[in-house]
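Asks: Kindly produce the complete structure, drawing on both the sequences and the hints.
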Amino acid sequence: MSLDVDAARGAIERAVAKPLGISVNEAALRIHSIVNDGMASASRVQAVERGHDPAGYSLVGFGGAGPVHAYGVASRLRLRTLIIPPNAGLGSAVGLLLAPRTFRLSRTFIGTLDRIDWQRVETLFAEMKEEATAALRNAGVTDAEMAFDRTADMRYRGQRKELTVDLPARSLKLDGAGALRKSFEKLYAKIYHRTHDDHPVEALAWRLVAKGPPITRQSRGGSKTARAQNARPRTLRPMMFDGWLRPRSCEVHSRYDLKAGHTIVGPAVIEEAESTTVIGPGGKAMTDIYGNIVISLSGDRA
Amino acid sequence: MSKQPKRVTQLEVAWNTLISIASEQAAAMVNSSFSAVLGEMEDLSAGVFDADGVMMAQSVQGAPGHLGSLSLGVKHFCKAFPAATLAPGDVLITNDPWLVSGHKHDITVVTPVFLGKRLVGFTASNCHTVDIGGRIFSAAGTDVYEEGLQIPLMKLFAAGKRNDQLFTIIQQNVRSPDLVIGDLMAQVSANETASRRLVEFMRDSDLSDLRALSNDITSRTERFMRRAITAVPDGEYTDRIVLDGFDQPLHIDVKLTVKGDRILVDFEGTSAQVPKGINCVLNFTRAFTYYALKCLLAPDSPNNDGSFGPIEVRAPGGSLVHARYPAAVGGRHLVGLYIPFAIFGAMKKVLPDRVVADSSVLSAVTLNGVDDAGKPYVFTFFSSGGMGARAGKDGLDATAFPSNVANVPAEIMEQSVPVLMLSRELIPESFGNGRHRGGAGQRVGLKLRTALPATVSCMVERTTSAPRGFQGGEEGHPARLLIDDKSIDAKQSHLLKPGQLLVLETPGGGGYGPPKHAGRNGDDHG
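For the record, the sequence lines run as chains A and B.
Throughout the first sequence, residue numbering follows our numbering, covering 338 to 639 in sequence.
Throughout the second sequence, residue numbering follows our numbering, covering 96 to 621 in sequence.
Heads up, some of the hints might be wrong.
Said to hold, decoys possible - Covered stretches of chain A, going by a simulated chain B footprint (3 or more residues, C-beta under 8 Å): (1) 384 to 394; (2) 487 to 499; (3) 526 to 532.
To be verified - Computed list of lysine-lysine pairs in DSS-like fashion (alpha-carbon distance at most 30 Å, straight line): (4) B:K212 - B:K174; (5) B:K212 - B:K170; (6) B:K354 - B:K444; (7) B:K488 - B:K444; (8) B:K444 - B:K350; (9) A:K498 - B:K470; (10) B:K256 - A:K519; (11) B:K350 - B:K488; (12) A:K548 - A:K523; (13) B:K470 - B:K542; (14) B:K611 - B:K444; (15) A:K498 - B:K174; (16) A:K519 - A:K498; (17) B:K170 - B:K350; (18) B:K212 - A:K523; (19) B:K250 - A:K527; (20) A:K498 - A:K548; (21) B:K212 - B:K256; (22) B:K170 - B:K354; (23) B:K256 - A:K498; (24) B:K170 - B:K256; (25) A:K523 - B:K170; (26) B:K470 - B:K592; (27) A:K527 - B:K212; (28) A:K466 - A:K510; (29) A:K498 - A:K527; (30) B:K488 - B:K443; (31) A:K527 - B:K256; (32) B:K250 - A:K523; (33) A:K498 - B:K250.
I should point out that these hints are in silico values taken from the structure, not numbers from a laboratory.
Since the model is a prediction, treat every value here as computed from it, not as a measurement.
All C-beta atoms, glycine included, are put in the ideal place defined by N, C-alpha and C.
Replies: The following block contains the structure:
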């Protein structure tokens, strides 16, 4: 698909640049920036609504325009790592075929931590494990390849929404109450900045995630290891990033040139048929053996 | 980042960030809440203010009765607690009806925000608490003293230290202390979430003070509002809306004078305040006036103090819409929620495409008793009737307007109180017909699941005065409240015995425009 650059410049000039008395380049950059900001704000509200703190997560940029904005969104959320999978525009379809075989089971069993019957909790987990093991075997996973994670949905008794807390693999029969209250309050304080001392904590649902191994893929270029080396750009093109007064010449790469271990230092863009990946100034990208572009953010905003 | 003249776009980014901080604040409040009022019905608001108490942004979620009243409330806090009296870790509180949103159930928590040691702003939240002692949430009070615990402007936390005495007093005075204190702490947490984000935002944007930004935001919003008012033809527009009242009907009279870029809203002629808990303090009247005019003139502009500058509200002291202390105000929404319809009624001639025909507003029923385990319970459920029709669309069924409080799911009710919900259904014949029809009301039927009777406190309006249709649309059906098929007083407390069936029928919304044919369906519904 070819884009009409002159028509785009004309539209931005008429609608934004002229009325604000700024240059077309600056107007375009500001539009990009406002869009990134809106997405970052929405992500934050979403994160709080679901009881997560975005810090510490990596952002996966997918969809046609995802990689265009992902760097700007990630830097606003202060994330350190951004991953752009290959064929980012086809993310879900490919992911469905490649995700590890996983079964998620849950049992409702409500009780406050100081009173709950831990024997019953462990029995529920044992039942779920048995069920999940059979399902995984049926899906072709051997017992040695299986991995299990246990979580519980918990809240202060009477509260409207729960938080999902990771549980230790060891038996809860010994000190379930103490360990769970501690994990719950640690997570609660991280999200809500306060804890309700002396208020009973209750668990509502017990969950088991049973996973098979990741489906192994042929690495790109056949190699299992990657040697770091600088990627060579196809061309240079004038670009503008936040804080720049005028465009500067920046690298344009083709994603199809990138081999495992290839590195690119931002500012740069990587073009492919389905999308364009933007790397802000100071961002460092490296292609891994699966063809993912893994970008470490510099901490500056883009 | 360079300091080049990118002011406008930087402003938009900063502005959106402030709105998102207020929305995060509201989300944190809902998620960490304990009661259904907060968690399901979301009867709350949250806002971010500068150091002078100017509201820069309000959460997208929020009740319209809090629009403007939260902002007016924070100004009282600023007066009572000058910067020199505040320290990091302070959290302030009040539920004074005259200072914020008009009844004691609304608890306002204000957290001063410090950048280093300097006061740079406030985050504030206002929530309807499940109980505040006194009479249950009701309109039956004769003065404000009957309506529960009064919390003056105070510190709930001082430099991070909990005011244990105040917590103890609150705990001792309310019927469900766990829920009340839990929700209160949800407000404290939410304010803190927003305060941290505000400081982070200031550090990121290299701001040491918010006032210039605040001024930029409010003056732009005010200009926008003034332009919108200028587009309305100058003139005087009047309406009277009649309410059920108690012994005799009551009325709200309004006259809007539009002149250039300003509007004067005068409630001269409105009934005098009554010795029942339905009186509105001026703050609450202002909130619903602002809300109605914002709906008409600038529905998409963000909420901040700028919207209110061009609007002057006058109401005779001692009237139903400007009640004097110590009037009873517990069920003030039974009057306040009608203010927008009086304003829409007045403006329908000049803004026919923007008004909404009369809606059912909100019906509140509070159940209070002791369950079979001997534990006291109190639970208010709001039920929405039909919304009025609009010029281009039917009214929404069982949707509250102008309040946006949500219906409580039957499952949540049955978990919260020992009742069995026997029915919840739309009432097809309840709406006013028209070119566009009003929304249908709903019928809710329930019985107790206990051996002991419960007290049912009702705050239901429009049992005699039906929601009006506009521009030739028909009126909706009024509300009904029945125990075992016998009609009961909709603003009193009653005893509900085990086995008795309580039925609430909420009103249908008014229609818009003359009906095309004598069917019950508007043209959007076949």
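Asks: Now tell me if each hint is right for this structure.
Replies: Hint check results:
Only residues whose beta carbon comes within less than 8 Å of a beta carbon in chain B count, and the region 384 to 394 of chain A has 3; three or more means the coverage holds. Counting residues of the region 487 to 499 of chain A whose C-beta sits closer than 8 Å to any C-beta of chain B gives 6, which meets the bar of three, so the coverage hint holds. With 4 residues having a Cβ less than 8 Å from any Cβ of chain B, the region 526 to 532 of chain A passes the three-residue criterion, so the hint holds. With a C-alpha separation of about 20 Å, the suggested pairing of B:K212 with B:K174 holds against the 30 Å cut-off.
A C-alpha spacing of about 21 Å is found between B:K212 and B:K170, which places the hinted pair at or below 30 Å, so the restraint holds. Of the pairs offered as hints, the one joining B:K354 and B:K444 holds, with about 16 Å between alpha carbons and a cut-off of 30 Å not exceeded. Proximity of B:K488 to B:K444 is assessed by CA-CA distance (about 18 Å); at most 30 Å being required, the pair is judged to hold. Proximity of B:K444 to B:K350 is assessed by CA-CA distance (about 14 Å); at most 30 Å being required, the pair is judged to hold.
For the suggested pair A:K498 and B:K470, the alpha carbons sit about 23 Å apart, so the restraint of at most 30 Å is met. With a C-alpha separation of about 23 Å, the suggested pair B:K256 and A:K519 falls inside the 30 Å cut-off, and the hint holds. A threshold of 30 Å between alpha carbons decides the hint, and for B:K350 with B:K488 the separation of about 27 Å falls inside it, so the pair holds. A threshold of 30 Å between alpha carbons decides the hint, and for A:K548 with A:K523 the separation of about 27 Å falls inside it, so the pair holds.
Simply put, B:K470 and B:K542 have alpha-carbon atoms about 18 Å apart, close enough for the 30 Å limit, and the pair holds. A C-alpha spacing of about 21 Å is found between B:K611 and B:K444, which places the hinted pair at or below 30 Å, so the restraint holds. Note on A:K498 and B:K174: the hinted pairing is violated, with a Cα-Cα distance of about 36 Å set against a maximum of 30 Å. Simply put, A:K519 and A:K498 have alpha-carbon atoms about 18 Å apart, close enough for the 30 Å limit, and the pair holds.
Only pairs whose Cα atoms come within 30 Å are accepted, and B:K170 paired with B:K350 is accepted, the gap being roughly 28 Å. Simply put, B:K212 and A:K523 have alpha-carbon atoms about 28 Å apart, close enough for the 30 Å limit, and the pair holds. As the CA atoms of B:K250 and A:K527 are separated by approximately 25 Å, the hinted pair is consistent with the 30 Å bound. For the hint linking A:K498 to A:K548, the alpha-carbon distance of about 27 Å falls within 30 Å, and the restraint holds.
For the given pair, B:K212 sits about 17 Å from B:K256 by alpha-carbon distance, which is consistent with the 30 Å threshold. The suggested pairing of B:K170 with B:K354 holds, with an alpha-carbon distance near 28 Å, which does not exceed 30 Å. Proximity of B:K256 to A:K498 is assessed by CA-CA distance (about 27 Å); at most 30 Å being required, the pair is judged to hold. Pair hint B:K170 plus B:K256 holds up; C-alpha atoms about 24 Å apart against a cutoff of 30 Å.
At roughly 36 Å between alpha-carbon atoms, A:K523 and B:K170 are farther apart than 30 Å, so this suggested pair is violated. For the given pair, B:K470 sits about 17 Å from B:K592 by alpha-carbon distance, which is consistent with the 30 Å threshold. The straight-line distance between the Cα atoms of A:K527 and B:K212 is roughly 23 Å, inside the 30 Å bound, and the hint therefore holds. For the proposed pair A:K466 and A:K510, the alpha carbon gap of about 17 Å is at most 30 Å, so the pair holds.
Of the pairs offered as hints, the one joining A:K498 and A:K527 holds, with about 16 Å between alpha carbons and a cut-off of 30 Å not exceeded. Under the criterion of a C-alpha separation no larger than 30 Å, the hint pairing B:K488 with B:K443 is consistent with the structure, at around 16 Å. Between A:K527 and B:K256 the CA atoms are separated by roughly 20 Å; this keeps the pair inside 30 Å, and the hint holds. Proposed proximity of B:K250 and A:K523 is supported: the alpha carbons are some 27 Å apart, at most 30 Å.
In summary, the hint linking A:K498 to B:K250 is supported, as the alpha carbons are separated by about 28 Å, within the 30 Å threshold.
Checked against the numbered hints listed earlier, the structure breaks hints 15, 25; every other hint is satisfied.
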